[in-house]
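S.K.: Below, each chain spelled out in residue letters.
Number of protein chains: 4
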Amino acid sequence: MTGSGVEAFQGAARKVAEALAADAVVRDEANRAPFAEVSALRDAGLLDALVPSGLGGQGRSWSDVLSAVRPIIRADASIGHVLTYHYLNSWRIRLNSRPGVIDELERASAANRWFWGGAGNPRDAALDLVPDGDGFRVTGRKFFATGAQVADRITASGTRVDTGEKLAIVIDGRAEGVTHHDDWDNLGQRLSASGSVSFDAVRVPDAQVLGTSGQAGAAFQPYPSLSILFFQLVLAHLHVGIAEGALATASEYVRTKVRPWATSGVELATEDPYLLEITGELVSQTAAADALTWRVTRQAEGAVARGWDLTEAERGELAVDIATAKVASTRAVNEVTSKVFELTGARATTRATGFDRFWRNARTITLHDPVVYKAREVGAYTLSGATPTPSNYS
Amino acid sequence: MTGSGVEAFQGAARKVAEALAADAVVRDEANRAPFAEVSALRDAGLLDALVPSGLGGQGRSWSDVLSAVRPIIRADASIGHVLTYHYLNSWRIRLNSRPGVIDELERASAANRWFWGGAGNPRDAALDLVPDGDGFRVTGRKFFATGAQVADRITASGTRVDTGEKLAIVIDGRAEGVTHHDDWDNLGQRLSASGSVSFDAVRVPDAQVLGTSGQAGAAFQPYPSLSILFFQLVLAHLHVGIAEGALATASEYVRTKVRPWATSGVELATEDPYLLEITGELVSQTAAADALTWRVTRQAEGAVARGWDLTEAERGELAVDIATAKVASTRAVNEVTSKVFELTGARATTRATGFDRFWRNARTITLHDPVVYKAREVGAYTLSGATPTPSNYS
Amino acid sequence: MTGSGVEAFQGAARKVAEALAADAVVRDEANRAPFAEVSALRDAGLLDALVPSGLGGQGRSWSDVLSAVRPIIRADASIGHVLTYHYLNSWRIRLNSRPGVIDELERASAANRWFWGGAGNPRDAALDLVPDGDGFRVTGRKFFATGAQVADRITASGTRVDTGEKLAIVIDGRAEGVTHHDDWDNLGQRLSASGSVSFDAVRVPDAQVLGTSGQAGAAFQPYPSLSILFFQLVLAHLHVGIAEGALATASEYVRTKVRPWATSGVELATEDPYLLEITGELVSQTAAADALTWRVTRQAEGAVARGWDLTEAERGELAVDIATAKVASTRAVNEVTSKVFELTGARATTRATGFDRFWRNARTITLHDPVVYKAREVGAYTLSGATPTPSNYS
Amino acid sequence: MTGSGVEAFQGAARKVAEALAADAVVRDEANRAPFAEVSALRDAGLLDALVPSGLGGQGRSWSDVLSAVRPIIRADASIGHVLTYHYLNSWRIRLNSRPGVIDELERASAANRWFWGGAGNPRDAALDLVPDGDGFRVTGRKFFATGAQVADRITASGTRVDTGEKLAIVIDGRAEGVTHHDDWDNLGQRLSASGSVSFDAVRVPDAQVLGTSGQAGAAFQPYPSLSILFFQLVLAHLHVGIAEGALATASEYVRTKVRPWATSGVELATEDPYLLEITGELVSQTAAADALTWRVTRQAEGAVARGWDLTEAERGELAVDIATAKVASTRAVNEVTSKVFELTGARATTRATGFDRFWRNARTITLHDPVVYKAREVGAYTLSGATPTPSNYS
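Here the protein sequences line up with chains A, B, C and D, keeping their order.
Heads up: the first sequence is residues 22 to 415, going by my numbering.
Heads up: the second sequence is residues 22 to 415, going by my numbering.
Heads up: the third sequence is residues 22 to 415, going by my numbering.
Heads up: the fourth sequence is residues 22 to 415, going by my numbering.
Next up, chain A with everything else stripped away, as it sits in the complex (with noise of 0.2 angstroms):
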């Protein structure tokens, strides 16, 4: 990166979001761990945006890191999704209670340039913890590990054997008696190394234990639950990143490949009526979608200013504004992404284009958790005051 100025780190960003477009078919059909894209992304100089500049890292806010990012997931969702769980899984360690080991990690995280993955899917049996020495040994095995694999840390929860109690830690990716399975081969977001890891009796020292999880249950707290939230946000700009994807794509294709159909009466495929209108049509929504995703960025980036004086009430309502731009994306991506074959037509069916990688990427994001019981949540709110019940997905 040249320059520390948000533009050279856009700059950055969009230069590694061209190079993976160069080969992003090839390389979701390959599906293999994306340990070189990983390694771009570190070299590209992406990796320390959150961390705060006292600690060494670049100090940026959500907004500037997500706006860069999203060249990254429109060419590339997987690497979008991995990269965006990075920042997620990096900064939450923030929301807990030991501030000096948070700041040592985050110190170190900066100075070697970790990439960071996550092990937590909620529907999974929670990781043993038991104590060892200053700290503990955790054992246990996680589905849908994004960016696990590929990950220097991990972050994660378990619960203490002993006292019941539920700790937020975090894992070294490369320690010993952690397996990564490398079973990841579903239908999209493949390079986002979203398989499963075990752990067995890996050692995880007090340096490594962020304190009682507030995220969710009975220690819940409203600042640290925001991480729930973050997901749930972030999952909205893949969404919003893919539909563009898909409508850049296209277009380009129609701009270029497409014939006009024998009855249209013109001469190019970009004059046809139908091919404006049903491409207007997708635009515009995506362009709601994105808008609507924006504005509870700048809401959630509120929320974390608040830090610790976050109220419940405040939390919840984020939760509900958030589910909006979840439910509106995800409405926008599953359309968009299937409606562009009729903007690309017969001939763009070939596997040789890979235009169906972007549907396979929305309709395995947009599965994360369904999206009804997100539209749910906004009802609620609306028709009786009601925030969600704080929990691993709200």
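Hint data in this document are derived by calculation from the structure and do not stem from the laboratory.
As the structure is a prediction and not an experimental result, all values here were calculated from the model.
Given that identical chains are not distinguished, each listed pair holds provided it fits within a single copy or across any two copies.
Straight-line Cα separation of at most 25 angstroms, SDA-like style, residue types lysine to any residue; simulated pairs:
hint : residue 1 : residue 2
1    : Lys278    : Asn413
2    : Lys187    : Val122
3    : Lys278    : Ala147
4    : Lys278    : Leu388
5    : Lys187    : Ala334
6    : Lys36     : Arg276
7    : Lys278    : Gly161
8    : Lys187    : Ala283
9    : Lys278    : Asp203
10   : Lys36     : Ala373
11   : Lys36     : Gly406
12   : Lys187    : Arg119
Given chain A, put chains B, C and D in place with the hints provided.
M.R.: Leaving out everything else, chains B, C and D in the frame of chain A:
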């Protein structure tokens, strides 16, 4: 209005909104031209909001004005319609070439608390302008002349019968020769005074001649033609406000009147899984259209700030962005205002509830110009970078 | 009616439809109970179509009757509503256990050309039946009593105050103690006489007692409960007919009144690519709902033919099939009747056209019972083979 | 096949469907030309179903054949595609002017259990026919030649280089000069053998010349051009069958694999209110498209029965009716095959399930020709009574 800050202004508008809400259904049914409502707007001190403070007005921004007006749109979209059109018609005289004339008109508008209407439907024949002394005599008829019937001043344009030049003019709404036909009995926007107006050799002195119209056609210039785009922008605000009004009204009804369906298994209608879902979907779709509408509003304000330096390309891109808001808000408001009946149920179809006014307003206002041609413009820009040919609708 | 074949019957119905179409808008506005219209139906010889020829009627099939009635639904869905409900209410007495009583009532119905209504809204309290001589006295009030106000005979049920037994009964619509409240002033289906009716110790002689009601509840039997399913089936026909009426009316308007949009590049509105597309989409959606409605109509006729041998499983599967038609036709009619305005344009929103009556009728009739619970029943059968619990709505 | 009745035929087809279902995912992935599958169809006795019994075939109706084939489409839409196209290509030779030649070909087809493909993509250049002895030599290349690669006989047409006359012909799929490029590696319908085929001076003896092609163009006649309409009709059956297959597969998965969502409040996924609703909506939409498809199938059979007496108007109205089925089924299958993932949830995105094949098949087959132009044709007929200009797509 107590005080001069934006809160005072918003408070004044909110009070008007509350009063309008109280008898909106009855007034809608009665279908009388909104003389009383315009008086209330005047008495509330809302009319000179956009007039520069140097000319005796409040000097507010479009954003502040549109934000304050939103509750009025929700409560009574007809009055929201005439009020926003008042702002448009009083403001757009500024986008002309005779600053002295314009300043005097703005000063008089503030001093006299004039209400403004328009008579510009492009699908009717142009008004004729016959030179007469220092000014003209104007003759002709215009349909869809929103607000003209209740206006002190009417913004219009006419064609000089001697030279063919198209001039922007202002007409005294009470002048001799002006006939308001009181012929607006339409499905929706019933109190928007959108009937026809005739001019029979009505005197237009030089002090009401704004100069060559640069809005569209041969003398087109980007800055004056912003008026066209602001009409489109205001339509998007009207769409979103109507959707919000329908949702608020239906939600209140569900909360207070609806019994849960027999097989729903819940005690309260507000707990019915499907009512929650439908509400959440509609609220999310509306929120997305709203966020996009506000985003383009800020862009539009930026374009105004460019003044006569505004380029064709800048104006063209703004047109496309506003078109996305038009498309998204049109889809949202038509969907929302019809579907809310699935929240309120069969008993709510009694005419006493007046719930259908939201759909009637939506269905009427969204036909201002065909939304599919807006989608087409967005598509053209996306597929080939073309901006819309400036016209009376784009 | 000239002749007795199905063509004669269809011809007679078509003539009524044409007469109704001529002043449908005016009558809808006037909102008077349809006494004159019912007379016209009687004079046209339509009322005894379903009565067996052996009992003095025309002995027609449901298919022939519903096919003949369709043009009436298209022209005036309110009258289509009371007429199809007349057929339902006069026919469903047959699904009871006292053949002698039933035959006599059918014979009298044909001889006197009775018009039938119903008073069975299940969401109101049950009617009380007090034993009185050879019969009962009936007391209570029912809302949504479609057709009752203009009926000679009203099909109903009541609960014996002494034994709690639920009996199917017939009430003389003009008997002493019957009060028609003339309180139906709703959004749509305005001429369907769907207001409330009160019974104050109205005499129900033994000759009007049909026996224990087997329609739902404890004494449920598959055959009598077909009446519930036929109401649902008839609703599907009403939905499709309203959509067809809207399309026919809008198409005629496009053909004769609509000017092409300025930038459409075509000479006639009927050549506008978007009007062609929208029309084609709406017609196709309507045709699909129509084809499904007719398919389930044939299935329903098959179930009737099984008589008291009809099994619970057969009845349950028919309920599910009819539910698919309810869902598809509800979606179609609400979409079509709102979207047709995009064909006709802004000028067509003048109330003189009355185009909104199609949407108002659709929006009202489709709320008979919540369509989402029908979708749920279809889903339950698909996912687990469960048929709906027999009730007053399924 | 045991027995000759329709049940035996349907039973034989159902057995093939079951066998195809067992390894459909694996075969789809492997993307091999379906030689083995075609052998299975032949061995099951399915190939001569439409050949008149007087010529050695089974003499079945289109309805019986399409009904029997439906389970095959559900199980493996690629094979459903080649099989229905086999029927189309072997049957449409009958719509030509040389009865003697046709009879002999049909007789040979039944006797040798020939499988038929086509090479008629109208968007490619026409094949050249050079007179040679009693017949011709054919040269050229066709893309999207569904089934040709695995066919004994290929139905095609070519243009005489000497006279410009367009002739319908039959080509031996194994003849010298025929090259199958095995270049079909597309998103969906992967086993439909829809790659390209080249002909290099391939011999077409007089016994394979069907006469002047009356399908479209200058020599158009209504009866021969039914072949075009039957392709469209078969596409509608393929669409509906794919939707049905997706729903059956997803339902089975919900029943057996899906855990209820944490906040659903139910014990089984099959009781989740939203899964029930979504399933019911999709099933209803599919049922409507199916009912319409069968209705137009019966109309199409009626048109065939008219033979050479078929008028242009009759043919035109059938074209419009089939277009409604195309539109409705296209909307249904694209919606259903994408949305079923909301039933099955995130875990079902693993590629092992192969659930995406339904969407991939739908997305590919529905692009055969642009559905919006079909909507346009329906709209044109509705708005102005115009039937489509006969062409290779309508």
